[in-house]
Amino acid sequence: MTNRLPAQVRPTGSSERPPSQPRTGPALLSPLRRSAALLAGRAAGVASRTLRRGGGTALPGLVAEALDPGLAAGLASQLGGGCLIVTGTNGKTTTARMIAGIAATAGLEPLPNRSGSNLMRGVTTALMAEASLGGRLRNGSRRLGVFEVDETTLPYAVEALQPRVLLFTNLFRDQLDRYGEVDSVAACWRGTLESADRSLAVVLNADDPSVATLADVAPGQVTYYGLDDPSAGLACAEHAADARWCPSCGSDYGYSLLFYGHVGHWSCPGCGRRRPEPQVRALGITEEGGRTLASVETPAGRLSMSLALSGVYNVYNALAAAAAGLALGLSLETIERGLSTVTAAFGRQESFEVDGRRVLVLLGKNPAGLNQVLRTIATAETEKHMFVLLDDDIADGRDVSWIWDADFELLTGQPGAWVLSGTRAEDLALRLKYAGLEKPAAVEHDVEAALERALRQTPVGGLLHVVPTYTAMLQVRELLARRGRRAHYWEEP
Amino acid sequence: MRKVLRLAHLYPRVMNIYGDRGNILCLRRRCEARDIELAVEDLDLGDRLDSSGYDLIFMGGGQDREQRRIAEDLAVGKGEALRKAAEDGVAMLAICGGYQLFGRYYRTAAGDDLPGAAVFDAWTVHPGEGARRCIGDMAARWEGGTLVGFENHGGRTFLGAGAQPLARVERGFGNNGKDGAEGAVYKNAYGTYLHGALLPKNPRFTDHILRIALGRRHGQVELLPLDDSVEEAAHAAALRVARRRSPPARR
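Protein sequence lines correspond, in order, to chains A and B.
According to my numbering, the first sequence is numbered sequentially starting from 220.
According to my numbering, the second sequence is numbered sequentially starting from 2.
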């Protein structure tokens, strides 16, 4: 039996500062200190890129925060449009990208953190990149901060950034060795909301009971979003459901519609609590010519959603972004146009052309997210040429047992060839054997050689699906960027 | 005639957090490969457990908020049935949270004692909210070789004279991070902190469990050897990781 962690859990190895840290205190006393922090952080970023240690998307913030703990708060307070925070297990990066797209359409200058750098150091790095050495945010009056924040970093981020809008996507098991239990994440979120300012607008997924019930502790305005399209429902439950029973009365939730995991039209037969009616809801979802279309009802009227991304999970991301846009006071027309121009985020349905093959990178890092990816691949009418990578680095989670909760069975019966890589490729091979893969998957630890092999196994003109965990995604994406057509991630707009 | 192995899966909907589904998939596959039918019965909260109805009883790991509900459910019938089944030599396998609740009691971080099924002469104490969890890759040595997997638990388990350790920790924490013991055995009941999932990448241990589970009704059973190259490769990889990354056991 695993036990509750303190309400404010921290990821292992995190050096986040506690919220009790004065927000701007010491820095105000010394503008010189702030400049020194900005300079040192910037130098660290240059060094990191030169040494190819990474994109420099977190180190500058880490270095600068150590010298000036009030830096992020000081810079965030200059955001004229204020800021918005997105958190949750899955969908953070894509949802934040969509909101940034909507904000840009509205004529604002979004200031996002990049590439899943979602601890405080990543947010600080993003703010620093737009600041002068004197500590002034460039174009501050026109800027809207759009930050995706790690689940357990949320209390620190809310304290430092004082967001206008806080959006929750969903809550599933993810890296249990790092976060502790799903319940401790929920407790951390509740604690954050309980101490938040009344002016904070909260946007919640009505279809995830763990998220919808956060409304109980929301300090002010709440907007729900959800799916109202029975044709998108599943015939039977998935294994990767984590909210199965009502924390108020202990009864098992019932579902009149289930979209994935424990996300759907839930109700509690014991105490009568049920999914709230979402103000922002998607009705008819269809896929046409590589785009996902849906009709969305909102309090401001109806909008036609047209996305360049597929899968029910991206409809949720877009609904979340639309609800956040409304909470920010943006127009329906802006939201509609913004969503239609959004392209795939880093490693999330990102497409490359390599040697005449199309390569689609679909990050899969926890059972619920991976199931959505596998389901999306399964429904496409293509051969299933698969390159799957499983790493057990700290950023991936050391514990790889989660692969047993993901439904690889969705794909193993279909024609196609499999190549496996990553530090725990052998565990994947075993999982796939049990998922009924007839021909054993090839295991190749050298990622470059494995990619070559996967490409060769994919016919020219065909589609190769690359499904990596987080650190493997960074590696394989780098290789694809070198061989195909796509920029390095720190150069991305 | 085709042999049937009757498996009771306790609380499958709530006690399933660390890929425990893999354990059931593994039992099924290794039975089918030997032309043995695995008949699985899911027993949830409120369901009755017939102490003589099964050859193998399995319970996986779960979360804190489930713990109290399971303890209450064990106290109103299943616990007594489990004790009787264990005395009768029914094979059992309990993992992580299931293992803790197969002991006499579980003392939570807040200091409450939750009574367990008392299949094992063992008890578990959580040293408090501030205490470090036992998290990491584990390698341990049992009578059939090495056991590998991942552990993630706040509670520390101690064995009384009535239970034997399943294995000696080589790398990682095991029961309590102090005495080098991992897991517990009483008659044909086994408990362990190892998940990963445990059974798929420990095929020798899985066959050991299958043999004793079948043995009670069918006498000594010869299990057809299987091609375990994929299983052994995963076992070896996990062993390498544990030896590279986890601290040597204290004892």
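Just so you know, not all the hints are guaranteed correct.
As the list claims (entries may be wrong) - Short, incomplete list of chain A residues facing chain B, as computed with Cβ under 10 Å:
(1) Leu395
(2) Asp402
(3) Asp461
(4) Asp471
(5) Leu512
(6) Arg617
(7) Lys658
Rather than coming from a laboratory, the hints here were simulated on the basis of the structure.
We put the beta carbon where it would ideally sit given N, CA and C, even for glycine.
Verification of the hints:
1. Leu395: holds (6 Å)
2. Asp402: holds (5 Å)
3. Asp461: Since the shortest Cβ distance to chain B is 8 Å, the answer is holds.
4. Asp471: holds (8 Å)
5. Leu512: Violated, because the Cβ-Cβ distance from leucine 512(A) to chain B comes to roughly 35 Å (cut-off 10 Å).
6. Arg617: Holds, because the Cβ-Cβ distance from arginine 617(A) to chain B comes to roughly 7 Å (cut-off 10 Å).
7. Lys658: violated (12 Å)
Comparing the model with each earlier hint shows violations of hints 5 and 7; every other hint is respected.
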